[in-house]
Structures are given as C-alpha cells and as structure tokens.
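Protein chains: 2
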Amino acid sequence: MATLDNKSATAEISELISSTSISKVEDVLKVRSVVLTGNGSYDLIKVIEWPLMAKCAEHEVRVAVEFCGVNFADVYHMKGNVLQWPVPYVLGLESAGKVTQVGSAVRNLHVGDRVVCYCPNEAGMFRESVVVPSTHCFVIPGDICTKVACTLIANYLSAYFAFFSFGNLRSGQTVLIHSAAGGVGWAATQLAASVVGNVRVLGTASENKHHDIVTNGVTEAFTYENYSTHILDAEVDIVIDNIGGDNVKKSVDLLKPFGRVILTGVNCVVQEDESKVAKAFESIASSVVPMQELVMGNKSVCGLHLGTLLRDNPKTFHTAVEQIFSLCQQGLIEPRIHAVFPLSKASEAIKLLAERKNIGKVLLKVE
Amino acid sequence: MATLDNKSATAEISELISSTSISKVEDVLKVRSVVLTGNGSYDLIKVIEWPLMAKCAEHEVRVAVEFCGVNFADVYHMKGNVLQWPVPYVLGLESAGKVTQVGSAVRNLHVGDRVVCYCPNEAGMFRESVVVPSTHCFVIPGDICTKVACTLIANYLSAYFAFFSFGNLRSGQTVLIHSAAGGVGWAATQLAASVVGNVRVLGTASENKHHDIVTNGVTEAFTYENYSTHILDAEVDIVIDNIGGDNVKKSVDLLKPFGRVILTGVNCVVQEDESKVAKAFESIASSVVPMQELVMGNKSVCGLHLGTLLRDNPKTFHTAVEQIFSLCQQGLIEPRIHAVFPLSKASEAIKLLAERKNIGKVLLKVE
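In the order they appear, the protein sequences are chains H and G.
Number 262 in UniProt numbering belongs to position 262 of the first sequence; there are no gaps in the numbering.
Number 355 in UniProt numbering belongs to position 355 of the second sequence; there are no gaps in the numbering.
Misleading hints may appear alongside valid ones.
[What the hints assert, rightly or not] In silico lysine-lysine, BS3-like type, Cα no more than 30 Å apart, as pairs:
| hint | chain 1 | residue 1 | chain 2 | residue 2 |
| --- | --- | --- | --- | --- |
| 1 | H | Lys249 | G | Lys315 |
| 2 | G | Lys250 | H | Lys315 |
| 3 | H | Lys30 | H | Lys46 |
| 4 | H | Lys351 | H | Lys365 |
| 5 | H | Lys55 | H | Lys147 |
| 6 | G | Lys351 | G | Lys365 |
| 7 | H | Lys279 | H | Lys357 |
| 8 | G | Lys345 | G | Lys357 |
| 9 | H | Lys256 | G | Lys315 |
| 10 | G | Lys249 | H | Lys256 |
| 11 | H | Lys256 | G | Lys279 |
| 12 | H | Lys250 | G | Lys279 |
| 13 | G | Lys256 | H | Lys249 |
| 14 | H | Lys249 | G | Lys249 |
| 15 | G | Lys250 | H | Lys250 |
| 16 | H | Lys147 | H | Lys315 |
| 17 | G | Lys256 | H | Lys315 |
| 18 | G | Lys279 | H | Lys249 |
| 19 | H | Lys279 | G | Lys250 |
| 20 | G | Lys249 | H | Lys250 |
| 21 | H | Lys250 | G | Lys256 |
| 22 | H | Lys249 | G | Lys250 |
| 23 | G | Lys46 | G | Lys147 |
| 24 | G | Lys30 | G | Lys98 |
| 25 | G | Lys147 | G | Lys98 |
| 26 | G | Lys249 | H | Lys315 |
| 27 | H | Lys279 | G | Lys249 |
| 28 | H | Lys46 | H | Lys98 |
| 29 | G | Lys250 | H | Lys256 |
| 30 | G | Lys315 | H | Lys250 |
| 31 | G | Lys30 | G | Lys345 |
| 32 | H | Lys256 | G | Lys256 |
| 33 | H | Lys279 | G | Lys256 |
[Claimed, not checked] Rough simulated footprint, nothing fancy, chain H against chain G, three-plus residues with beta-carbon under 8 Å:
| hint | region |
| --- | --- |
| 34 | 165 to 173 |
| 35 | 252 to 263 |
| 36 | 277 to 286 |
| 37 | 294 to 303 |
| 38 | 311 to 324 |
If you are wondering where the hints come from, they were derived from the structure by calculation, not from laboratory data.
A quick note: this is a predicted structure, and the numbers were derived from the prediction, not measured.
By construction, the Cβ of each residue, glycine as well, lies at the ideal position given by its N, Cα and C atoms.
Okay, chain H solo, but in the shape it has when bound:
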C-alpha cells in the first residue's frame, strides 16, 4: 500500500501525469481533481491537475461538474478498507453538472442537459470535468436544481431498493434504520415515514442528533450503545444495517417472522487505529450470518450493492432513479444538505463523514 509523504507524492504524480500513455498532447486535458495518492491519511488526498481525455468515446459524455456528492465509500477508499484500484486515482462516485460533449453513439443525452453522474465501479467523479458512460448519467427534471439532484442517487437509491425491492415495506410495519442521520439513513427515514406512511421508524444515531432525526420522521431514537436493550426481539420487519460484522447477528435477533436484514455497508471496518485497517470485503465475507436463526425464525438476510446493480441491470436502476426524481418533485422526499465544501477542501468533507459529524448529505462545489 503506497503511503507517500507529501513531497514525494507530488513529485510522483507530476511524473505520472507527464508520462501518461496518451501520446498526443492535444488528446489530453488537465483537469482539477481530487486525487488519492495513498491510503490511511487525509494528507494523501491532493487537489491537483490530472489528465482527462479531451474527446469522449462513442458511448460517453463529458460533463462540466458543479457539485459532487461525498459518500461513505470515499472514506473506505481513503482509509484503505476497499482496495479496488491502485493509487493514485481520482476519488468520488457521484457528481452533477451540465453536459458539454456527447459521444457519437449517444442518443439520449444532449449538450446542455443537466445530469447526475454516478460511477460506483469506476470512481473519478471529484473533478471539475468528468467523462462518463452515458448509462451512468441521469437527466435532472427541470424543477429539481442541480445541487439537490446531486443528493438523490447513492443515498436515496440505497434506501429505495432496500425497502421496495428487498423489503416489500408496507404501512403498519416497523423498521430499524441504523445511522439515521447519515445519507442513506436520512433518505430511508423519509421513504418510510412520508412515502409509505404509518410506519414505526426506529433509528440509531449519536444522542446529539436525535432531535434532527425525529424531525425527519424517526418515531423512536436510540444510540448505538443502547438500541439493542430497548428494542425487543421479533419486533422489527426490516433492518437497514450499514454496520456489518457482529452487528448482523444483533439485527437478525430483532426481526419478526418474514423480516429482513438488508446489509448496506460495513462501517464497523472504519477504525480509529490506522495500523489495523480492516478490509471491507473481507469483513463482509466473514460476517456472522446465523443461518440456524434464519431458518428457525423465518428470517432473511439481503445484501445490497448499487455498483453491481447499475452495471448489470441499468434499466432497473434507471427506473428507480425516475421514481426518486418523481417523489422529490411531489415533495414527498426532501434531501437535507449538511454542508457544501469547495472542491479544494475535499479531504475535510471526507473527514467529516468519517468522524460521523454530518446530518444528511455532504457536497463538494466546484469553485
């Protein structure tokens, strides 16, 4: 794992940019970007010029970015919990802006369209300008502003698929939402409380966030320390579990018959101690799924990953995005933006999420 110090990182990056395999200088732009140059320290996130192809391929579009959405996945990447790509690479899974160039085979997007770009399998979205496969772009309806649209994909889609594709959430049921003040938790609370309605929403968060999550629709707020002593076994229909690890067993205990735990993350791997960086995938693989309890209790465990869904089932994904845009237009969901940082302060934004200080979405803005 590369853990370059500041100076050598800068030198190495300059070299890497100059030695790019793209031979013709006119084919390459240099675009201000948030580059991860090593794992485990916020100092290794650099905001620098980084190469980008000047001409997009036939199925791609170029987008001038206005806002970027910060996700917990960015924390995993920074810490080294997920080692998907060799450093250095450009961070960020989502951004939003205006289409400025369209590949020759793209029919559904046009220059001037406002779009959200979501690239969970490629990253590279935290920069002034991005080139994205057209299938990963979603045209923003006229009455939703670009900033709000940039909060609607990763978080609301996770909540949407959890409750509607897996959970079959219905009025009269009880749900438990962990990290109810986080991006996914905030979205999930609204889907349960406003879209379905008549749902008992149990939510966990630090105590200082309880007032806010209750305002958002949580009916009973708990801390991570006390929730399992207050909620009874066989009380919950759906648990959205972004903690993973040992918590999966706890979540299963709380389920009613035909209840479901939907695993959306493994935040338990984010440790304070950098010397013991846990790997997210290894932690998922070794999560304790109490199979006998599933069988004897008529329970289920579901895994959710937006990246593979968008890659393998783009139509399902696009239909869900349209639903979310429509719910936003109807005023049934109202994203909360915790803070907007300039692109140059991306590392501060990621730190804020890692320290779980946010309530709702954190954005970056291209100055």
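Given chain H, put chain G in place with the hints provided.
Using the frame of chain H, we list chain G on its own:
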C-alpha cells in the same frame, strides 16, 4: 442414542406404558400409535398401543384420525438427523379426522367437525386418536374431502410462505424448485404455474420423474447432477432449496439481482451410511452462506420453518391455510397422492420418502 433391538424395545415400551406417571387408570387410554423407539433403523418404528389422556385439557380437542401425512421430517426423526425429543415417542406431524371431544375453553371447534391437525413442534400425530391444541387444528371446508385436506398443510404452506411471504413471486419471473416431485416441490410447482401463472418453472428430480413434474407445470426438468450446468448464473428469481449444505452456495450463484434462496430443508444430511448420521440443525448452522456474494450480487437468503411460525404467529398461519383451502376449492391446486399405506406399515411409508421414490404426497390410513 437408544438403538434397542426388537425384543428389548418391546419390553421397555411395555414397562414405560405401565409405569406412566398418570396414576389413575381411568384417565389413560391406550391408542394404536406409530412409536419411534430408537434412531437409525426402520425396525425401531413400532406400531403399538400407547398411552393417551382420556380427557383433553381446556384448550385441546381430541380427534379420531382417518389419515396421516408423511413428511420428510419423519425421515429426519427416524434417522436421528433431528434429535428433538428423547425416544420413545409417537411419530408424525400431521393427521386429519373428526373431532370427538372438545376442551372447555375451545370455542371455534365442535364435536363432529372435520379437521386437519398439524403439530410440527410436538409430533405425536401418527395414531388412531390424537389430542391436539385447538390452535393447531384447521376446519376442513365441506367440499374438500378429509384425505385431500391431509395433503394441504405442511407441503402447500411451505410453498405458499416461500413464494408469497418471502419471495413476492410475480408473473414473468423464473423459479427453481428442487425435488419438484416431492411434497413441497409438487405444491410449489402448482402455486407458480397455476396460481401465479406465466412463471418459468425450473425443477430438479430423478430422470424417471421428469414426465410427471412437467405434467404438473415444470417448464424445464433437470436432474440433481446436471441442473447447475444447464441453468445460468443470474437467471433465477427464487430458488426453493431443500438440499442445504454446499448446495446453498450453488443456489445463490443462480440468483438474479434481488433474487432469493429460500431454505426449506437440509435433505443433504440424510446419508445412506447410518454410522455417519449428520445432524440437521448442525448442518443448517454450518451452511455456507456466501455473504460477499449476497452483497455484491444484491441477493438474499431466507430460512423457512413452519413449526416456529405456527407457534409464534398462529394468525398468520391460519390465514394462509384458509388461502390454500380456497385455492383447492377453486381447482387451482390439485394435490397428488402417491400412495396410501395402512398405519401398520408406517415404516414402509417413511422408507419410501427416505429413498425418494414418491411423486407427491404419501399418506397413512387408519384401518
């Protein structure tokens, strides 16, 4: 584990009956019953007189049995895969007949009612007369005969909860049903093909049963040996898996995004070699659930157990039984009875299931 030989078993049972803790002789009847006197051999299944309380308790009813339904659970009990109760005990989870006595607190059942009795948590149903909690009895509608009613509970309810409570089965989907010629498989095929309709039904069975399962609604028949080479990964919405063990991983591989494996049994524990009797619960506990595949593939694993459901959620269970009776009345499901054995040949009936020679339900008849 008791493995008495024939003679000593008989002697011990006589002693046990005579030394019953019920002191007043007039309180005890002796009723012809199928008694398991030890594990691992069909010889240890004895059809003998066995004590039964003469007067049922306030929430119980007595039923004069006409038919009993044989289930794979009886095989587990005989083999010793499930050691729920110390031997000797009366085998059997379901029977059907006429109510002959009603406890003082029972309001919903009357002498003369025809009922199916289902006691997955107590067994004791293979006998001429049974005493059953009233919550475990289901009144048979007038136009369904007692024999047919005795095929409708364990098998059809398993299929019903798998597809409708867990699976959310819809027209246009693809399901894989293991043991499509067995009791649950036969029922599940009908629910998919006749009740939902426009469902692609993949089914496994021995080759000599393929004609029959196709007649029942299976659209593509496979053997256990070749199914995984013919069915593609990401092709199936719901797998009903009664094999368990290593097969769970195979089943998960075949799922589409948002697909579900529903674990209804662990038939893999039924070994030919009696010296290596695997325990069903241990095998469930150690089943390989590929958690990372669940997450990366947007998949889920569900456990189904009718016993705990009936105990903890009788209302849910009773509602489902009414649905099944109604589907039968409408002619949308048509149980197939493979064979009817006299009570005295219970061990032959259980052996037939263990050797997987049946197509559809096997019943016992009180002579």
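Hint by hint, here is what the structure shows:
Of the pairs offered as hints, the one joining lysine 249(H) and lysine 315(G) holds, with about 27 Å between alpha carbons and a cut-off of 30 Å not exceeded. The suggested pairing of lysine 250(G) with lysine 315(H) holds, with an alpha-carbon distance near 26 Å, which does not exceed 30 Å. With a C-alpha separation of about 14 Å, the suggested pairing of lysine 30(H) with lysine 46(H) holds against the 30 Å cut-off. For the suggested pair lysine 351(H) and lysine 365(H), the alpha carbons sit about 16 Å apart, so the restraint of at most 30 Å is met.
Distance hint between lysine 55(H) and lysine 147(H) is fulfilled; the C-alpha atoms sit about 26 Å from each other, no more than 30 Å. With a C-alpha separation of about 16 Å, the suggested pairing of lysine 351(G) with lysine 365(G) holds against the 30 Å cut-off. Note on lysine 279(H) and lysine 357(H): the hinted pairing holds, with a Cα-Cα distance of about 23 Å set against a maximum of 30 Å. Using a Cα cut-off of 30 Å, the hinted pair lysine 345(G) and lysine 357(G) holds, with the two alpha carbons roughly 16 Å apart.
A distance of roughly 14 Å separates the Cα atoms of lysine 256(H) and lysine 315(G); the hinted pair therefore holds under the 30 Å criterion. With a C-alpha separation of about 25 Å, the suggested pair lysine 249(G) and lysine 256(H) falls inside the 30 Å cut-off, and the hint holds. In summary, the hint linking lysine 256(H) to lysine 279(G) is supported, as the alpha carbons are separated by about 26 Å, within the 30 Å threshold. Note on lysine 250(H) and lysine 279(G): the hinted pairing holds, with a Cα-Cα distance of about 26 Å set against a maximum of 30 Å.
Restraint check for lysine 256(G) and lysine 249(H): satisfied, since their Cα atoms lie roughly 25 Å apart, inside the 30 Å limit. For the given pair, lysine 249(H) sits about 20 Å from lysine 249(G) by alpha-carbon distance, which is consistent with the 30 Å threshold. The straight-line distance between the Cα atoms of lysine 250(G) and lysine 250(H) is roughly 27 Å, inside the 30 Å bound, and the hint therefore holds. For the proposed pair lysine 147(H) and lysine 315(H), the alpha carbon gap of about 24 Å is at most 30 Å, so the pair holds.
Distance hint between lysine 256(G) and lysine 315(H) is fulfilled; the C-alpha atoms sit about 14 Å from each other, no more than 30 Å. For the hint pairing lysine 279(G) with lysine 249(H), the CA-to-CA distance comes to about 23 Å; that is within 30 Å, so the pair holds. For the hint pairing lysine 279(H) with lysine 250(G), the CA-to-CA distance comes to about 26 Å; that is within 30 Å, so the pair holds. Restraint check: the Cα-Cα separation between lysine 249(G) and lysine 250(H) comes to about 23 Å, which is no more than 30 Å; the hinted pair holds.
Between the alpha carbons of lysine 250(H) and lysine 256(G) the distance comes to roughly 27 Å, so the proposed pair stays at or under 30 Å and holds. Under the criterion of a C-alpha separation no larger than 30 Å, the hint pairing lysine 249(H) with lysine 250(G) is consistent with the structure, at around 23 Å. For the hint pairing lysine 46(G) with lysine 147(G), the CA-to-CA distance comes to about 24 Å; that is within 30 Å, so the pair holds. With a C-alpha separation of about 19 Å, the suggested pairing of lysine 30(G) with lysine 98(G) holds against the 30 Å cut-off.
At roughly 12 Å between alpha-carbon atoms, lysine 147(G) and lysine 98(G) fall within 30 Å of each other, so this suggested pair holds. For the suggested pair lysine 249(G) and lysine 315(H), the alpha carbons sit about 27 Å apart, so the restraint of at most 30 Å is met. Of the pairs offered as hints, the one joining lysine 279(H) and lysine 249(G) holds, with about 23 Å between alpha carbons and a cut-off of 30 Å not exceeded. A C-alpha spacing of about 25 Å is found between lysine 46(H) and lysine 98(H), which places the hinted pair at or below 30 Å, so the restraint holds.
About 27 Å separates the Cα atoms of lysine 250(G) and lysine 256(H), which keeps this hinted pair within 30 Å; it holds. Distance check on the hinted pair: lysine 315(G) and lysine 250(H) sit about 26 Å apart at the alpha-carbon level, within 30 Å; holds. For a cut-off of 30 Å, the pair hint linking lysine 30(G) to lysine 345(G) stands: about 19 Å separates their Cα positions. Simply put, lysine 256(H) and lysine 256(G) have alpha-carbon atoms about 25 Å apart, close enough for the 30 Å limit, and the pair holds.
Distance hint between lysine 279(H) and lysine 256(G) is fulfilled; the C-alpha atoms sit about 26 Å from each other, no more than 30 Å. A stretch counts as covered by a chain when three or more of its residues have a beta carbon under 8 Å from one of that chain; for the region 165 to 173 of chain G and chain H the count is 3, and the coverage holds. Chain H is given as covering the region 252 to 263 of chain G, and this holds because 4 residues of the stretch bring a CB closer than 8 Å to a CB of that chain, at least three being needed. Coverage of a stretch by a chain is defined here by at least three residues with a beta carbon nearer than 8 Å to that chain's beta carbons; for the region 277 to 286 of chain G and chain H the count is 4, and the condition holds.
Coverage of the region 294 to 303 of chain G by chain H holds in this model, with 10 residues showing a Cβ closer than 8 Å to a Cβ of that chain against a need of three. For a cut-off of 8 Å, the count of residues in the region 311 to 324 of chain G with a CB near a CB of chain H stands at 3, and the three-residue condition holds.
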